[in-house]
Amino acid sequence: MISTSRACPPSFRSVIVRSMACAVVLVVMLAMPTRASADANLDAWLAALWTDAEAAGVSRRTFDSAMKGFKPDLKLPDLVLPGRPKNDARGQAEFTRAPSEYLDRAYLMRLAKQGQDLLRQHEKTLEKIEREIGVDRYSVLAIWGRETSFGRHKLGHDAITALATQAYLGRRKEMFRDELIAALRMLESGVPRSLMRSSWAGAVGLTQFMPTEYFIHAYDLDGDGKTDIWHSVPDALASAAMQLKGKGWVPGQTWGYEVKLSGGADCAYEGPTQARTIAEWEKLGFTRANGKPWTEKQRALEAYVMSPAGGYGPTFLALENFQVIRRYNMSDLYAVFVGHLADRIAGGGDFVTPWGGIAAQKTSHIEEIQTRLKAAGYEISIVDGKIGSNTRKNVGLYERANNLKVDCWPSDAVLKHMRSSASR
8 MISTSRACPP SFRSVIVRSM ACAVVLVVML AMPTRASADA NLDAWLAALW TDAEAAGVSR
68 RTFDSAMKGF KPDLKLPDLV LPGRPKNDAR GQAEFTRAPS EYLDRAYLMR LAKQGQDLLR
128 QHEKTLEKIE REIGVDRYSV LAIWGRETSF GRHKLGHDAI TALATQAYLG RRKEMFRDEL
188 IAALRMLESG VPRSLMRSSW AGAVGLTQFM PTEYFIHAYD LDGDGKTDIW HSVPDALASA
248 AMQLKGKGWV PGQTWGYEVK LSGGADCAYE GPTQARTIAE WEKLGFTRAN GKPWTEKQRA
308 LEAYVMSPAG GYGPTFLALE NFQVIRRYNM SDLYAVFVGH LADRIAGGGD FVTPWGGIAA
368 QKTSHIEEIQ TRLKAAGYEI SIVDGKIGSN TRKNVGLYER ANNLKVDCWP SDAVLKHMRS
428 SASR
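The sequence shown maps to residues 8 to 431 in the working numbering.
In case anyone wonders, no lab produced these hints; they're calculated from the structure. Some hints here could point you the wrong way.
Said to hold, decoys possible - Simulated crosslink set (DMTMM-like; lysine to aspartate or glutamate; CA at most 20 Å straight-line):
no.	residue 1	residue 2
1	K135	D227
2	K75	D165
3	K78	E181
4	K180	D50
5	K369	D419
6	K161	D80
7	K131	D229
8	K75	D59
9	K393	D419
10	K267	D235
11	K254	E309
12	K299	E289
13	K180	D80
14	K120	E130
Keep in mind it's a predicted model, so treat the numbers as computed, not measured.
Based on the sequences and whatever the hints tell you, model everything.
This is the structure:
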């Protein structure tokens, strides 16, 4: 090995040392503006947030206490960050799990048993909710069961940090900014920060209230002068009922009916835009899965076809209350879970049609199918990598048009056919 002292004259060595030192300084100097810029952006964002919070009635003391030392939680889903997919559904079970996994039979049975016990335990409260608000006891309990497993699920996030992160770096900044300001108003009104434990999206309490909903629908059913959605079961359940009522709940009506398809009926009839009366669906070949005939009252109801697993699971005629539950959480699987759990708590049984063996598809896979459908003229308004009614309907229409098996599922087979057709 040649020693450095012999390989380089002293003057040359000093040049190298100085050059290396300059390089280190240059690297540091290049890095500094990035950090300073990020800090400046956050400072500017906080300053603008304070202006809006103050206008909403939040005091400087409350704001400073809540936002002091705020650092975005980069582990949260749905953030717009370099290197992260733009349609990041991590943490959203409704979009990352297969329908059969999300609607797990054993879990539903366990929740239904617990719900039936709570039905007796909170009988007077539930009667009062039905009388004063008009939402049935089974649906209210089902919301509680799905949201926090009847209070057993421990929420893993601080609501202020979660909402501030989403408002600063999230995909839906404006929505979460409104929620953050509402959460600051909750602190201003006297809600302790310690109670503000939440989901990754900032929902709080036994039935998972978004802060803006708290100020619209929170309900003091137990009459103690407070709306306590964290400890008071009467207040939490009544508040959830008020939220459903505010979103259009139809008293005395169920959420939907499981159906069987016959004749020319298939899953490509799916979606709210193809709603018809049940009498019309009956003429097209949709019959009740349990074999019971439709009543005249039921035949007059308007419904739409909803097949959360396409041709690989139960199909439903969804009524208005299904739409209402979706407004509580914008997911078909969520609404089916809540509606079915309500039925089970009321004494109902399992779905008639079993779930098929399909897995949740990759976001990039679904995005490509949506993009290709849109390019081919199908009515795809949003390419989001999520399987909803509109995607399933248009996959079914594509399958119909190309003489494929109509299963309305964005499968490998569908994508393969699309790619091969495009290459011809």
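Exercise. Could you tell me which of the hints above the structure violates, numbers in ascending order?
Key: As far as the earlier hints go, only 10 is violated by this structure.
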